[in-house]
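Colleague: Please model the complete structure; the sequences and the hints are all you need to start from.
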Amino acid sequence: MKRGFWLVLSLCSVPNLLAAQFGIYQHGSVVRMHMGDCMLGHRGMMVAFGPPSIPVQDSCPEYTLVSPNVVYVIVGKTSNQLIPLAEVIDFRLQKNELAVRLDDAKRETKFEIKEMFVRSDWDRIQRHIDAQMKAAEVHDAER
Amino acid sequence: MTSNFVKAAIRCNRRSRLLVLLFLVATLSPPDRLFALPSNNTGESVDVTYHSTVSEVRLVFFATDEHNHNVQQLQKDDFAIVDDERVIREFRSFTRSASVNLDVVVMIDSSESVLPHLQQVTADVSQLIFQSPWSSGDLVSVISFSGMEAHLLCAENCRTSFRADQIVPKGGATPLLDALDLATTLLIRHRQPDVWPVILLFSDGDDTISKISFRHVREKILASGTQIYAIDAGNSRQLSNGTATLQRLAGDSGGRYMGLSDGPVKVLNNVMDDLHSGLLVTYTLPKSSSEFHSIRILPTHNLNLQFRCRCGYYSRRVGSARQEDGP
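Residue numbers (the working numbering), protein chains in the order written: chain A, 1 to 143; chain B, 144 to 470.
Don't take each hint at face value.
[Stated by the list, open to error] Pairs of lysine-lysine residues, derived as BS3-like cross-links and limited to a Cα-Cα distance of at most 27 Å, are as follows:
1. Lys106/A x Lys77/A
2. Lys430/B x Lys219/B
3. Lys110/A x Lys77/A
4. Lys95/A x Lys77/A
5. Lys219/B x Lys106/A
6. Lys110/A x Lys95/A
7. Lys430/B x Lys114/A
8. Lys430/B x Lys134/A
9. Lys106/A x Lys134/A
[Unchecked claim] Where chain B lies over chain A, by a calculated footprint (3+ residues, C-beta under 8 Å):
10. 24-34
11. 81-95
Hints listed in this document are in silico derivations from the structure and should not be mistaken for laboratory results. Cβ atoms here follow ideal geometry from the backbone N, Cα and C, with glycine treated the same way.
Modeller: Written as structure tokens, this is what we have:
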């Protein structure tokens with residue numbers, strides 16, 4: 001019985017250990033975070049296609065994760081699913097989800113991917129937004 | 144007649160000479176000498192202070208571990224601030240707020256609904272004022288409110304001038320929001336960057352007569368950076384509108400909500416622990432399209448850390464420069 005337990009436990013931890021040892025993690029940095037609507041996906045078919053019910057006022061954390069080539073907008077599955085906001089975090093893509101490695105806890109937490117941008121496009125959009133805000137500031141100062 | 148003419152000519156000549164001399168001094172002397180700017184041997188100005196407008200956010204916050212104990216050894220890279228959705232990890236300064244002076248306004252509700260507890264409140268306030276370990280630069284004021292208005296019992300110097308018999312059990316209505324407005328105005332009036340404004344509010348939270356709205360007061364509190372410690376003088380175990388008001392005021396301002404039934408020692412210890420364990424961080428005001436910046440502090444490594452601070456602040460324009468409200 002005990003052996004079986006240890007066997008199951010070691011099998012469960014193998015993917016994470018392999019991921020860490022073979023360096024399949026990508027690196028990125030969270031630059032934005034806010035509490036937004038939870039994504040419909042994880043609430044299941046019943047909510048999506050079932051009879052109308054009272055809407056649940058729930059909010060989930062939404063993060064903008066910038067990696068060297070791609071920018072991901074990811075959404076947590078519950079309101080308290082947090083990512084440590086370290087300068088650099090490790091993550092990997094797994095079955096349409098993004099698994100973030102929690103350094104101190106030695107485990108992963110999975111997020112749904114809401115949007116993806118090519119990094120160069122995202123940078124261009126950010127420059128445009130910055131320029132617009134600067135122009136608005138100058139305009140306000142002159143008024 | 145002739146001699147008068149000669150004298151006038153000489154006087155005129157002297158004046159013109161004086162003007163020429165002044166002109167020469169003005170043009171030939173280095174500007175630093177003229178305007179009394181000190182200079183070293185190399186001709187460079189030294190010890191000159193330049194003033195400029197700095198857009199900086201000052202934020203007092205508290206960190207606790209999974210056992211709800213204050214974290215003593217928190218480092219600059221243990222947390223990040225989410226300011227209006229932007230993640231901020233670069234800070235201008237990070238210090239303990241124990242080095243910051245306090246500007247405290249103690250507010251005492253002496254209206255009808257709190258009369259049964261007023262004696263205990265008065266005793267707690269006296270203990271707080273006379274037995275707390277204040278720093279020499281700390282200011283303490285006391286306001287009592289009931290009926291139609293709030294009364295300032297003593298301003299700034301209550302550590303020496305406050306007397307318990309000043310709190311008269313008047314009864315009547317509860318102008319809580321009007322009194323909060325007065326307390327915040329008082330704190331704004333002598334606001335300084337290195338002074339932390341705090342309100343200790345002893346009330347049941349049931350406003351019955353104020354002219355000012357909750358929204359107005361909340362905005363003013365957030366704009367002034369004041370933290371509210373609400374001590375519920377009603378029945379804190381029963382959820383009422385008053386309790387909800389006190390909890391919201393405390394939560395939004397980054398303070399704490401406590402019940403008077405917790406006992407004076409526990410309440411005072413909690414307040415004083417907080418006032419001495421607060422952390423002060425400053426950072427550059429991030430660009431934003433809105434005037435209100437929501438704030439949240441999150442851990443960078445250890446997800447067991449919990450952070451408490453005000454829920455946001457207002458940035459506003461002063462002249463051509465932006466100035467934020469803080470600390």
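Colleague: Determine for every hint whether it applies to the structure shown.
Modeller: Status of each hint after checking the structure:
{"no.": "1", "hint": "Lys106/A x Lys77/A", "verdict": "20 Å, holds"}
{"no.": "2", "hint": "Lys430/B x Lys219/B", "verdict": "22 Å, holds"}
{"no.": "3", "hint": "Lys110/A x Lys77/A", "verdict": "8 Å, holds"}
{"no.": "4", "hint": "Lys95/A x Lys77/A", "verdict": "15 Å, holds"}
{"no.": "5", "hint": "Lys219/B x Lys106/A", "verdict": "23 Å, holds"}
{"no.": "6", "hint": "Lys110/A x Lys95/A", "verdict": "10 Å, holds"}
{"no.": "7", "hint": "Lys430/B x Lys114/A", "verdict": "25 Å, holds"}
{"no.": "8", "hint": "Lys430/B x Lys134/A", "verdict": "9 Å, holds"}
{"no.": "9", "hint": "Lys106/A x Lys134/A", "verdict": "42 Å, violated"}
{"no.": "10", "hint": "24-34", "verdict": "holds (count 5)"}
{"no.": "11", "hint": "81-95", "verdict": "holds (count 5)"}
In the structure shown, a violation is registered for the earlier hint numbered 9 alone.
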